[in-house]
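Given the coordinates of chain A, assemble chain B onto it according to the supplied hints.
2 protein chains.
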Amino acid sequence: MTDFPTTDPRLSFDDRISVDCVVFGFDSDRLDVLLVKDHGRIGTCGLKLPGSPIYENEDIDNAARRVLFELTGLDKVTMRQFKVFGEPDRLSRDPEELSALEEDMGRPVGRMISITYIALIKIDRTVADNLNRENASWVPVSEVGQMVFDHNQILEESLVRMRALLRQSPDLLFALLPKKFTIPQMRKLCEAVFETTYDPGNFYKKVSAMPHVVPLDEKEAGGAHRAARLYRFDRKQYIKIF
Amino acid sequence: MTDFPTTDPRLSFDDRISVDCVVFGFDSDRLDVLLVKDHGRIGTCGLKLPGSPIYENEDIDNAARRVLFELTGLDKVTMRQFKVFGEPDRLSRDPEELSALEEDMGRPVGRMISITYIALIKIDRTVADNLNRENASWVPVSEVGQMVFDHNQILEESLVRMRALLRQSPDLLFALLPKKFTIPQMRKLCEAVFETTYDPGNFYKKVSAMPHVVPLDEKEAGGAHRAARLYRFDRKQYIKIF
Numbered sequence: 144m145t146d147f148p149t150t151d152p153r154l155s156f157d158d159r160i161s162v163d164c165v166v167f168g169f170d171s172d173r174l175d176v177l178l179v180k181d182h183g184r185i186g187t188c189g190l191k192l193p194g195s196p197i198y199e200n201e202d203i204d205n206a207a208r209r210v211l212f213e214l215t216g217l218d219k220v221t222m223r224q225f226k227v228f229g230e231p232d233r234l235s236r237d238p239e240e241l242s243a244l245e246e247d248m249g250r251p252v253g254r255m256i257s258i259t260y261i262a263l264i265k266i267d268r269t270v271a272d273n274l275n276r277e278n279a280s281w282v283p284v285s286e287v288g289q290m291v292f293d294h295n296q297i298l299e300e301s302l303v304r305m306r307a308l309l310r311q312s313p314d315l316l317f318a319l320l321p322k323k324f325t326i327p328q329m330r331k332l333c334e335a336v337f338e339t340t341y342d343p344g345n346f347y348k349k350v351s352a353m354p355h356v357v358p359l360d361e362k363e364a365g366g367a368h369r370a371a372r373l374y375r376f377d378r379k380q381y382i383k384i385f
Numbered sequence: 144m145t146d147f148p149t150t151d152p153r154l155s156f157d158d159r160i161s162v163d164c165v166v167f168g169f170d171s172d173r174l175d176v177l178l179v180k181d182h183g184r185i186g187t188c189g190l191k192l193p194g195s196p197i198y199e200n201e202d203i204d205n206a207a208r209r210v211l212f213e214l215t216g217l218d219k220v221t222m223r224q225f226k227v228f229g230e231p232d233r234l235s236r237d238p239e240e241l242s243a244l245e246e247d248m249g250r251p252v253g254r255m256i257s258i259t260y261i262a263l264i265k266i267d268r269t270v271a272d273n274l275n276r277e278n279a280s281w282v283p284v285s286e287v288g289q290m291v292f293d294h295n296q297i298l299e300e301s302l303v304r305m306r307a308l309l310r311q312s313p314d315l316l317f318a319l320l321p322k323k324f325t326i327p328q329m330r331k332l333c334e335a336v337f338e339t340t341y342d343p344g345n346f347y348k349k350v351s352a353m354p355h356v357v358p359l360d361e362k363e364a365g366g367a368h369r370a371a372r373l374y375r376f377d378r379k380q381y382i383k384i385f
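Taken in sequence, the protein lines are chains A and B. Just add 143 to the spot in the first sequence (first one is 1) and you have the numbering used here. Just add 143 to the spot in the second sequence (first one is 1) and you have the numbering used here.
Extracted from the complex, chain A is given alone in its bound form (with noise of 0.2 Å):
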């Protein structure tokens, strides 16, 4: 396991600079992002990207990847750098966070620059038993409501990068499947993703002709009078197209 450093605000390599995570996780029918309690608020409690500032000794990957570890137990996803946020007046945009924030330093903030990621990662069992329940939460993408600061903005941005990578790198929709997924499953994963919708018969005709969507010889759990089948990915074949 990676070896984290302990969380200690004063180790900060620059209290200008931070980093910001975008997880994208799907739950078998529908979008999520990864969100943090923010306490900046007095007497709300909104919701915000996780992130953090960066220690002294810490490389900035791995200030990232620190983040989603200590929300999900999660030490080996690829986090991916995306962009620099930066605007002179992305804080004070958001008047009443900014002076949340600046009684929480105690002193006045002015500028920020945040260095942010993307990361798509299952929610399987291990990530839904493992989450720090206290502070994250899974929401769906598409019912986030107003978060601080510029963090809105940062969504819609890599939510267009996302679709953007899986449009280069078909093999990322993988990454947000479950091992075993049935063909519905990644209709809905597509939707949400491209947002459009797809015809169920036009769509399990074009993937089922993937070859690296593998049938299985199982069916979904629950026992329904017309289970799904189960597929999985097969990367060799994958790799031999792509």
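These are computed hints drawn from the structure, not numbers from a lab.
Identical chains share a label here; the pair holds if one copy fits it or two copies do between them.
Straight-line Cα separation of at most 27 Å, DSSO-like style, residue types lysine-lysine; simulated pairs:
(1) K191 / K226
(2) K383 / K349
(3) K383 / K322
This is chain B only, laid out in the frame that chain A set:
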């Protein structure tokens, strides 16, 4: 013209964060990168990637555009945010240069974060005439020597990214070529970018079949016996295909 702030390091947002720019240009038969003199090392004068602190009220993207503008007079170039370099030891791995920098800044520096950008430009007459020759020069990518800190690594990684960008969006190739170019020029550029060689005959056949590479009724100046025909890039045709 964009209204860039005047150079005043006292206005830096945070002297532990800078932008550094990898500006690629094509000089009719070689791929160049724009480097500036580094006066850091006492007694010697090396080269480095052009960079700057970010000013207090300046967007990060704008800081990168300002760096390019100050060196070339160009203000409409797309600057692509590439990657943040900020390993804790990225400066201390070059102790000689770090001492020079610390002497310059009058205090210990420790760690700095560099937000890097990639730009692709045409080295045409305007650019050549406006180049701030006091500080800047075009250097063939294949001949870049040892630069300060991790600048060689930044250049290497940005070459990899540029190749990926050009594979995804082949039209970016024409951002580097002159408005009127010959097929051998295009071949040399592809060879330099992808670090390979192409058979001239096959390359010609392939390119002249591309509807977005349009032959002109003009030949290369110089009056050589077998002057090569000039071509132009047709974006409308390109958009039809891609």
